[in-house]
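A.B. asks: My request is simple: use the sequences and hints to build the entire structure.
For the protein sequence lines, the chains are A and B, in the order given.
Going by the working numbering, the first sequence opens with residue 37, and the numbers climb by one from there.
Going by the working numbering, the second sequence opens with residue 37, and the numbers climb by one from there.
The hints are simulated quantities; they were obtained by calculation from the structure and are not laboratory data.
Be aware that one or more of the hints could be misleading.
All copies of an identical chain are treated as equivalent in the list; a pair is satisfied when it fits inside any one copy or across any two copies.
Stated by the list, open to error - Computed list of lysine to aspartate or glutamate pairs in EDC-like fashion (alpha-carbon distance at most 16 angstroms, straight line):
id, residue 1, residue 2
1, Lys334, Asp324
2, Lys427, Asp223
3, Lys374, Asp85
4, Lys62, Glu181
5, Lys400, Glu203
6, Lys372, Glu103
7, Lys65, Glu181
8, Lys62, Glu183
9, Lys62, Asp359
10, Lys61, Asp359
11, Lys65, Asp359
12, Lys350, Asp265
13, Lys105, Asp223
14, Lys61, Asp101
15, Lys382, Asp407
16, Lys105, Asp250
17, Lys376, Glu398
18, Lys268, Asp407
19, Lys62, Glu288
From a predicted model like this one, the values you see are computed outputs, not experimental measurements.
Protein chains: 2
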Amino acid sequence: MVNVAVMGYGTVGSGVVEVIETNGKKIDKRAGMHVKIKYVLDLRDFPGDPIQEKIIHDFETIINDDEIKIVVEVMGGVEPAYTFVKRCLQAGKSVVTSNKALVAKHGAELLEIARTNNINFLFEASVGGGIPIIRPLNSSLTADEIEEITGILNGTTNYMLSKMFYEDADYDTVLKEAQANGYAEADPTADVEGYDACRKIAILSSLVSGQQVDFEDIYTEGISKITADDFKYAKAMGMTVKLLAMAKREGEQLQAIVAPFLLGVNHPLYNVNDVFNAIFVRGNVLGDAMFYGSGAGKLPTASAVVADIVDAAKHLHRTIMIDWTSEKRKLQDREKMKRKFFVRIKGNAEQLKPDLEADFGEMKIVSAGLDGEFGFITGMMTEGEYEEKAKGYADIVHMIRVET
Amino acid sequence: MVNVAVMGYGTVGSGVVEVIETNGKKIDKRAGMHVKIKYVLDLRDFPGDPIQEKIIHDFETIINDDEIKIVVEVMGGVEPAYTFVKRCLQAGKSVVTSNKALVAKHGAELLEIARTNNINFLFEASVGGGIPIIRPLNSSLTADEIEEITGILNGTTNYMLSKMFYEDADYDTVLKEAQANGYAEADPTADVEGYDACRKIAILSSLVSGQQVDFEDIYTEGISKITADDFKYAKAMGMTVKLLAMAKREGEQLQAIVAPFLLGVNHPLYNVNDVFNAIFVRGNVLGDAMFYGSGAGKLPTASAVVADIVDAAKHLHRTIMIDWTSEKRKLQDREKMKRKFFVRIKGNAEQLKPDLEADFGEMKIVSAGLDGEFGFITGMMTEGEYEEKAKGYADIVHMIRVET
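C.D. replies: Set out below in structure tokens:
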């Protein structure tokens, strides 16, 4: 038998308890031992709920109980999660977490402490909710150099963009709907401005490079400036708009970005809709692969947490190799990343085309039936070149990057 | 350092050598030791090829060399692969294979021998080529009861069906194209009649149930009766036709089938085209997930084989748990499986509709502009009920199952 403490009885924490109750027999068989939740740490009490008998309010109870071999951190936020997790690992207890902020910020250090103590720090649920991606990266794609990893990693914004696409709705309307349905929070900043996706791609980039990619270094742009008119152009081109979190190798360089991108119908991520997440991976021998599923939600996320508990139980005194050191990985400057850009501009297409082609390369003019403006897609150029050229055009309405 | 012997220098075998040469540094780091190919067993010689110095013709060389800790079996076919693999495992050498026929037939027994000897029998590449699916089932989806696993598991037939859909081509034309492009063999029976997909879903069903699902027990129907006219109906309904290999739980029952199915645009497998494979998994807490990638091909398959070599190297004296015993799992009778059926029938729709609705339930008549016939989709009924009712209609042209 292995005793587990769960820190935080919110959505994911109560999901973990529910999953272990629902599938206990199967889980015990997979773990090779009985998995028992001994404590649930929460500031609140839950009178009348069967969980109440396991509720504790003092973190020290966990630290001081030698029977606790696995601690589940599902409180969220960097503090006090970081302090608690670090102390658990130092005390020889494996930790499983779903906390992307904690992992992005302190993953390398916490992995190192786990390694020193022959225990585990596991975080499958921190990226992609229920989608297995961390473990496949560490244990399935081991024959490959990963050349690209591009994800739709935030369910809230994908729900919103899907609505804008299918219902021709505008941003404010879909945000209100997302909030009404519980898909977006009252303060939606972390989702809509891309901060959530940024931390997740920082984690994936670190695993791909084996070094520390700081999320602060990743250029991040959200979806709050995407309009119903942008989608008119997207549809006119047979494309859609998705918030992509992307890491790519270019020679020795590693680049990472979070931004809305135009995607064509043949891209594997084109059809990933609603709150679903998906992660596209390109390996140098594997070729293209994609992992798709529920990126959030109580039970899918809990499913990933419990799978980590099973793995921690199977490896109680043996560290599962995860290649991520604290050596800082410098990213390629955004100005040097190459791509195509879709540009909306005011004016007359025929008059402007010669100048635009001189600056941005051969282009096809796109009309979405909007008065006094048109759109075009540039040739391949760096972000820096684009910005330099764009300075010459005061009438640019909006630019959206194109993923080809 | 770990010494590896590769049995078979065909497409996959040469791919394994190439992957280890290309990504050797990364692979050694992941394995925690140098992975060295010491022997390649093949009947042929390869004069002038650098591999020649490792070529051996006698299997006994491998068995008698105590330095060989991992043997890669990529010969294909049940014999002599079975005899060789069994002897290797009995001699305490871990075995990695891509051989679906071997795994489907003898997987449970070979796993048991590996377990007894504290070594490993690994077969990620036997299903889905480069797509990680076996390892995720064993180590990532451990918190779930898997309720359904449905795959497009054969690239040849998916290429053919995609061509038929996109180019309105007929079966014979696309088969010839597939043969000309090297996607189909001169004798295409194993692919087009579904035998290949059948063995793969037998492996997945065994892993999902933890018991032995015999491929001979799985009802298997290929694509050789699918016509260009069938696709006219599919398009008229906004659907497509895919060869699905499916295992589902229904209460205590497990059902499995391989057959062409009509799929709607919202099904995650609808957009899986060309030679790509994909595997849809539904877990009772995870919800829906999908794994997508190259289901065949030299390097993708070799990528999965080499990932298994890495895992075998990391677990030289420790068996990775794979839940598959030789206890036979009885499948639900096909006659009792419930679904909807699409039926093409000769005659006048208005005249026949009352009788058809009395037998098959309320229906919408579908026209694809074909003279003297029409189509309809039945209500939910068992396969047995459908067959019984269909006997009353001599003019049925074709039936295709519908996946909803």
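A.B. asks: Indicate which option fits the pair Lys62, Asp359 if close means a Cα-Cα distance not exceeding 16 angstroms: within, between, both or neither.
C.D. replies: Between copies only: 11 angstroms across chains, 30 angstroms inside a chain, cut-off 16 angstroms.
A.B. asks: Is the C-alpha distance from Lys268 to Asp407 at most 16 angstroms within one copy, between copies, in both cases, or in neither?
C.D. replies: within (13 angstroms within a copy, 40 angstroms between copies)
A.B. asks: For Lys350 vs Asp265, is the C-alpha pair at or below 16 angstroms within one copy, between two copies, both, or neither?
C.D. replies: neither (53 angstroms within a copy, 54 angstroms between copies)
A.B. asks: For Lys376 vs Glu398, is the C-alpha pair at or below 16 angstroms within one copy, between two copies, both, or neither?
C.D. replies: within (12 angstroms within a copy, 51 angstroms between copies)
A.B. asks: How would you label the pair Lys62, Glu181 (within, between, both, or neither) given a Cα cut-off of 16 angstroms?
C.D. replies: Answer is between; shortest inter-copy Cα gap is 7 angstroms, intra-copy 35 angstroms.
A.B. asks: Treating 16 angstroms as the Cα threshold, decide for Lys374 and Asp85: within, between, both or neither.
C.D. replies: So Lys374 and Asp85 fail the 16 angstroms test inside a copy (56 angstroms) and across (40 angstroms) alike.
A.B. asks: First find the shortest C-alpha distance between Lys427 and Asp223 inside one copy, then the shortest across copies, and answer within, between, both or neither for a cut-off of 16 angstroms.
C.D. replies: Close neither inside one copy (34 angstroms) nor across copies (62 angstroms); limit 16 angstroms.
A.B. asks: Can you give me the call for Lys65 and Asp359, within, between, both or neither, at a CA distance of at most 16 angstroms?
C.D. replies: Between. Shortest inter-copy distance 9 angstroms satisfies the 16 angstroms Cα cut-off; intra-copy 29 angstroms does not.
A.B. asks: Please work out whether the CA atoms of Lys62 and Glu288 approach to 16 angstroms or closer within one copy, between two copies, in both situations, or in neither?
C.D. replies: Cα proximity of Lys62 and Glu288: across copies only (15 angstroms, versus 45 angstroms in one copy).
A.B. asks: One pair to classify: Lys105 and Asp250, alpha carbons no more than 16 angstroms apart. Within, between, both, or neither?
C.D. replies: This pair counts as neither: shortest intra-copy Cα distance 30 angstroms, inter-copy 40 angstroms.
A.B. asks: Evaluate Lys65 and Glu181 at a C-alpha cut-off of 16 angstroms and name the case that applies: within, between, both or neither.
C.D. replies: Classified as between: cross-chain Cα gap 12 angstroms, same-chain 34 angstroms, threshold 16 angstroms.
A.B. asks: Should Lys105 paired with Asp223 be assigned to within, between, both, or neither, using CA atoms and 16 angstroms as the limit?
C.D. replies: neither (37 angstroms within a copy, 57 angstroms between copies)
Going down the numbered hints, you'll see the structure goes against 2, 3, 5, 6, 12, 13, 14 and 16, while the others check out.
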